[in-house]
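Visitor: Going down the list, the sequences are from chains A and B.
Oh and the first sequence: position 32 is 32 in this note's numbering, straight run, nothing missing.
Oh and the second sequence: position 72 is 1072 in this note's numbering, straight run, nothing missing.
Careful, some of the hints might be misleading.
Reference excerpt, derived from the structure (chain A facing chain B, CB under 8 Å, subset only) [as the list claims (entries may be wrong)]: (1) R43; (2) L44; (3) G93; (4) R95; (5) L96; (6) T97; (7) G99; (8) E100; (9) G101.
Just so you know, the hints here were simulated from the structure itself, not pulled from any lab data.
Note that the coordinates shown come from a computational prediction; the quantities given were computed from them, not determined experimentally.
Backbone N, C-alpha and C define an ideal beta-carbon position, used for all residues, glycine too.
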Amino acid sequence: AQRVTQPEKLLSVFKGAPVELKCNYSYSGSPELFWYVQYSRQRLQLLLRHISRESIKGFTADLNKGETSFHLKKPFAQEEDSAMYYCAWETSGSRLTFGEGTQLTVNP
Amino acid sequence: GAVVSQHPSWVICKSGTSVKIECRSLDFQATTMFWYRQFPKQSLMLMATSNEGSKATYEQGVEKDKFLINHASLTLSTLTVTSAHPEDSSFYICSTGGPSTDTQYFGPGTRLTVL
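Can you make the complete structure from the sequences, with help from the hints?
Guide: Structure, rendered in structure tokens:
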């Protein structure tokens, strides 16, 4: 089945350290991939989309078709980055399939 | 972006009763809204796509007679959980597309607890 996988449920880093949240997909074509973030007690919101190749809050994500990955990276993590991060794949009709999510904790 | 609200934010009901959850797009006319369900410590699972003026499209495994969706206007979609049972207890979240078609805007969610 076509899906996205986030192998790490929990990820903990120290402030200022690099962080990488992994996302792998299984799809034979060119997927539309997104990263969504949910801060504590807030609603889910878009962080970035692969098609725009933008950097939001210092985060970047590159689509690697060879490795079928869309890992989210930030060179220097901040405490305010602590949140739940979801990789998502858009199918027909703008329907989103979410990965299992990774809870990132950035320690002071 | 678009602002999406849900009502109620939480509800507790007895087993066998029906519960209606509203999803409103406050500043954007949404022809399409989406309903998700999230069990504790799990990811969001798409339940159905709500289409204004037509029938909702349900994902595989979702009972359309149990989860009734009505999208009567461009700003309101409702999800009714009929004959609720404890296993229906979950966090229900709606989303809508906004001015940018490849972005979804999410509501704050509704916590349903069925006793």
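Visitor: Honestly, which of those hints from before does the structure not fit?
Guide: Structure breaks no hint.
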